[in-house]
Amino acid sequence: MTELGFGSRLPYGSTISPECIPIPSSIIILMIDSTHEGDTYWSYPISLTCPVIGIMVPLSQWREEPIISPACGAQTNTCDDIFQSSILLRSILRAPLSAEHFQCTEMAVTESPFFALAATLGGMFPRCASDLVTISVAPERSSLCLHPSSGCTSRDVRPSEATVKYSLLGGTSSSILVHGFPWLYGPPGGEVQPWGILNGIVESKMQNSAGISIAPVRIMAGIVFKPSLVPYHQWTPDVYEGSPTPVVAFPPVTSKVAASGLATRIFNLLSPLSGEWHLLPEILAILSTILGNLIAIAQKSMKRMLAYPPISQIGYITIGLIAGNPSGYASMLTYTLFHIFVNLGALARIALFSSRTGTDSIRDCAGSCGQDPLLALRPTLSPSPLGGFPPLSGPFGKPYSSWCGRQAGLYPLVPIGPLTSVISIYHHSKIIKLLMGERGGRKLATPRTINKRIPSLSSPHTPESLIELGTMPRVVASTTLGLTMNPVTTTARDNIPNQIFAHTATILMDFGEMSSE
Amino acid sequence: MTAVNYLTFSTILFLLAIGGVLLNSQNLFILLMSIELMLLAVNMNFLVFSVLLDDMMGQLLALFILAVAAADSAMGLAILVTTYRTRGTMAVEYATGMKG
Amino acid sequence: MNNSTILFGVLSSLALVSGGLVVRSGALNPVPAVFLFLLVFVLCSGLLVWLDLDFFAMIFLVVYAGAMVVFFLFVVMMCTFRREGREHEVAPRHTEFVVGLLFLSHLWLVLERSPRPPTPSAYPIGEHCGHVTSATHLDTLGTLLYTHVPLLFIGSGLILLVALLGAIVLTVHTPGD
Chain A
1 MTELGFGSRL PYGSTISPEC IPIPSSIIIL MIDSTHEGDT YWSYPISLTC PVIGIMVPLS
61 QWREEPIISP ACGAQTNTCD DIFQSSILLR SILRAPLSAE HFQCTEMAVT ESPFFALAAT
121 LGGMFPRCAS DLVTISVAPE RSSLCLHPSS GCTSRDVRPS EATVKYSLLG GTSSSILVHG
181 FPWLYGPPGG EVQPWGILNG IVESKMQNSA GISIAPVRIM AGIVFKPSLV PYHQWTPDVY
241 EGSPTPVVAF PPVTSKVAAS GLATRIFNLL SPLSGEWHLL PEILAILSTI LGNLIAIAQK
301 SMKRMLAYPP ISQIGYITIG LIAGNPSGYA SMLTYTLFHI FVNLGALARI ALFSSRTGTD
361 SIRDCAGSCG QDPLLALRPT LSPSPLGGFP PLSGPFGKPY SSWCGRQAGL YPLVPIGPLT
421 SVISIYHHSK IIKLLMGERG GRKLATPRTI NKRIPSLSSP HTPESLIELG TMPRVVASTT
481 LGLTMNPVTT TARDNIPNQI FAHTATILMD FGEMSSE
Chain B
1001 MTAVNYLTFS TILFLLAIGG VLLNSQNLFI LLMSIELMLL AVNMNFLVFS VLLDDMMGQL
1061 LALFILAVAA ADSAMGLAIL VTTYRTRGTM AVEYATGMKG
Chain C
2001 MNNSTILFGV LSSLALVSGG LVVRSGALNP VPAVFLFLLV FVLCSGLLVW LDLDFFAMIF
2061 LVVYAGAMVV FFLFVVMMCT FRREGREHEV APRHTEFVVG LLFLSHLWLV LERSPRPPTP
2121 SAYPIGEHCG HVTSATHLDT LGTLLYTHVP LLFIGSGLIL LVALLGAIVL TVHTPGD
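Chains as they are written, first to last, in our numbering: chain A, 1 to 517; chain B, 1001 to 1100; chain C, 2001 to 2177.
If you are wondering where the hints come from, they were derived from the structure by calculation, not from laboratory data. For every residue, glycine included, the Cβ atom is placed at its ideal position computed from N, Cα and C. Heads up, a few of these hints could be off.
As the list claims (entries may be wrong) - Not the full set, but computed from the structure, chain C residues with beta-carbon under 10 angstroms of chain A: (1) L2061; (2) V2063; (3) G2066; (4) M2077; (5) G2100; (6) L2151; (7) L2152; (8) G2155; (9) S2156; (10) L2158; (11) L2161; (12) V2162; (13) L2165; (14) G2166; (15) I2168; (16) V2169.
Said to hold, decoys possible - A short, non-exhaustive set of chain C residues, derived as facing chain B with CB atoms under 8 angstroms: (17) M2068; (18) V2070; (19) V2076; (20) L2144.
Unchecked claim - Heads up, simulated SDA-like pairs for lysine to any residue below, C-alpha to C-alpha not over 25 angstroms straight-line: (21) A:K165 <-> C:S2004; (22) A:K165 <-> C:M2077; (23) A:K165 <-> C:L2073; (24) A:K205 <-> B:T1086; (25) A:K430 <-> A:S301; (26) A:K430 <-> A:K205; (27) A:K165 <-> C:G2100; (28) A:K300 <-> A:K433; (29) A:K433 <-> A:S301; (30) A:K165 <-> B:T1086; (31) A:K165 <-> C:C2079; (32) A:K165 <-> C:I2168; (33) A:K165 <-> C:F2071; (34) A:K165 <-> C:T2147; (35) A:K433 <-> A:A298; (36) A:K205 <-> B:L1007; (37) A:K300 <-> A:S429; (38) A:K165 <-> C:R2024; (39) A:K165 <-> B:T1008; (40) A:K165 <-> C:M2078.
Chain A on its own, in the form it takes in the complex:
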């Protein structure tokens, strides 16, 4: 509780110090933007340095045990630190992409760094969500930031349609989610902390009452929308297709990661409530891993196709979540990291590719290998980790999460991994064949000239190579993460605090004694 050091100078100690950084910097961006008309010189550096500082803070205070701040109900542990760092990492990686995009389209939306920072903040908040208030408020923040930046200001019909779908469905799902909370707040006796709720339920012996059983159903129905598990997955391809690439690269995926961080909280709370609670997410995980891979085969648009691997990845993440043991959480964390690198890298390369071909239809890219081998190599390299070729990161994550599923006794989930790998390898090899062999594609445009721009590092006028520069760490990470997988998982597994599980187990034991009496 009393943590000395860097964080103690900030209000509420070090619990929320990473969150304290984006708030002032986003406000500084706004102030600069309003005082210097049309001058975006400082916006991008600020939006880049803020997540860099933010990522230093949790790393510098790598803590051994969870901290619960009494004042604001914020609770953090190492698991959440990793989540938060991954969101910040993503925020850093997408910055060159968006700088490039807004320059290319000459749509100088100066507010976009602000919304990006606000989305980062929204993604960071769920990790310290330990009471119902935060859990109900936090997901809104990351999803609200998607709407203004999603490009529905253009004349194109598709972005506005995607935004309308996302906003209305998202609003519905979050109200359903929130409607589960009064039933957790009221009947157990006015507690808002998860452990208080659990204690209240156990003490009042309300496990089987109607009000309590309503709550998990509603919460489950609401929470699976944001990570886009299968019956709720329709918004993802629409948003991917309709929005400009940097927007796709950040807010939807942030809200996904944030929602799976939130889901760990809620599932932790729900798991003692009823024994059958994981049947539903189990079915959803199976459906989304299979369907996410199958539907991707039928896609004709490059970006739309890219929307489906994340759906199946969320399925794998959910397996780790359902397993509910430390190694399950470790697999979830590692898979989230892969998800970030691989997916963002793929998007960046697709953005490069489609800026050259001028289209995002897969057919039009046929045979582009003959014209520019290096360019064609990138998209072939990018989906292959998703598919799971051996030296890359995919195949190491999948067996691990399958193994966790087997360990937790979730046998139906085990054969899913290999099966879907086969499907996606088939699918991606089809794309590679198309790129390499076939003819009839559109002719590539010449690379854009660089001389218009001032190639200076601090300048927001980015050289074209900046996006390529940004792609490099992702290529490296997505290819070599498979080899460095073992240290990552062990670090994650060793740092999962056992308090969560210990506490749940104590309550469960109490309950068992009570019911046996």
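Got chain A sorted already, so can you dock chains B and C onto it with the hints?
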């Protein structure tokens, strides 16, 4: 005149609003209003529980949800305005720009 | 079957009916739907008054009726609606009738609770003077907001800021046609 009455009222309101979201295929406005009605039902639930338990946390939650609802509706209405400008209609059934 | 039950029944059933009308009024002109929507909130705040949550009743009126419904109406007026679907007109008297009924019920309530002569207190005030502190809703909420969950307060303020900026960005950057 017990809390059960209030809870029944808010639950029925919530179900009505869900029905509005699910069944409505004509107007995006009505969808947005249905979402607001859902949040209203949630708020009523929180307030009733808060009075019942004599605990202020429920009212606090209701206040935050009110803020979120206001933000949601502002954003939703702005999106509807832009949609109307690009598409020229508010009907849901015309939203077929993307397939897949 | 006392008065409070009757009043609760009247208010809640009216709110439910108007909520159902809002939901069902898809094909019609949305203006009556917005008014019915307003009516739901007004009736709900009536219920809140009955629960002694006077601050929240006021907040519901101010936020929903004062701000949100006006916003809705404004947008409805801005997007001048063509009549889509049926030209079937619903008799436009419903809203007025319901509002009138509401006023009548309030009037009846006020008349029924007409002021009575004060009875002498059994507990003289001076005895407890200085020992009893009372906190209104507003006090308690303010204490909670500013000392117990200030971070969430700031956070929801940020949500509102994002919503404000987002609405401005969305509507300003639209290409004129």
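Hints and how they fare:
no.: 1; hint: L2061; in the structure: 21 angstroms, violated
no.: 2; hint: V2063; in the structure: 16 angstroms, violated
no.: 3; hint: G2066; in the structure: 21 angstroms, violated
no.: 4; hint: M2077; in the structure: 20 angstroms, violated
no.: 5; hint: G2100; in the structure: 32 angstroms, violated
no.: 6; hint: L2151; in the structure: 4 angstroms, holds
no.: 7; hint: L2152; in the structure: 6 angstroms, holds
no.: 8; hint: G2155; in the structure: 6 angstroms, holds
no.: 9; hint: S2156; in the structure: 6 angstroms, holds
no.: 10; hint: L2158; in the structure: 7 angstroms, holds
no.: 11; hint: L2161; in the structure: 8 angstroms, holds
no.: 12; hint: V2162; in the structure: 5 angstroms, holds
no.: 13; hint: L2165; in the structure: 6 angstroms, holds
no.: 14; hint: G2166; in the structure: 4 angstroms, holds
no.: 15; hint: I2168; in the structure: 8 angstroms, holds
no.: 16; hint: V2169; in the structure: 4 angstroms, holds
no.: 17; hint: M2068; in the structure: 6 angstroms, holds
no.: 18; hint: V2070; in the structure: 11 angstroms, violated
no.: 19; hint: V2076; in the structure: 7 angstroms, holds
no.: 20; hint: L2144; in the structure: 5 angstroms, holds
no.: 21; hint: A:K165 <-> C:S2004; in the structure: 43 angstroms, violated
no.: 22; hint: A:K165 <-> C:M2077; in the structure: 23 angstroms, holds
no.: 23; hint: A:K165 <-> C:L2073; in the structure: 22 angstroms, holds
no.: 24; hint: A:K205 <-> B:T1086; in the structure: 55 angstroms, violated
no.: 25; hint: A:K430 <-> A:S301; in the structure: 14 angstroms, holds
no.: 26; hint: A:K430 <-> A:K205; in the structure: 57 angstroms, violated
no.: 27; hint: A:K165 <-> C:G2100; in the structure: 38 angstroms, violated
no.: 28; hint: A:K300 <-> A:K433; in the structure: 15 angstroms, holds
no.: 29; hint: A:K433 <-> A:S301; in the structure: 17 angstroms, holds
no.: 30; hint: A:K165 <-> B:T1086; in the structure: 15 angstroms, holds
no.: 31; hint: A:K165 <-> C:C2079; in the structure: 19 angstroms, holds
no.: 32; hint: A:K165 <-> C:I2168; in the structure: 20 angstroms, holds
no.: 33; hint: A:K165 <-> C:F2071; in the structure: 21 angstroms, holds
no.: 34; hint: A:K165 <-> C:T2147; in the structure: 39 angstroms, violated
no.: 35; hint: A:K433 <-> A:A298; in the structure: 16 angstroms, holds
no.: 36; hint: A:K205 <-> B:L1007; in the structure: 21 angstroms, holds
no.: 37; hint: A:K300 <-> A:S429; in the structure: 15 angstroms, holds
no.: 38; hint: A:K165 <-> C:R2024; in the structure: 20 angstroms, holds
no.: 39; hint: A:K165 <-> B:T1008; in the structure: 30 angstroms, violated
no.: 40; hint: A:K165 <-> C:M2078; in the structure: 22 angstroms, holds
Hints 1, 2, 3, 4, 5, 18, 21, 24, 26, 27, 34 and 39 from the list above are not met by this structure, while the remaining hints are.
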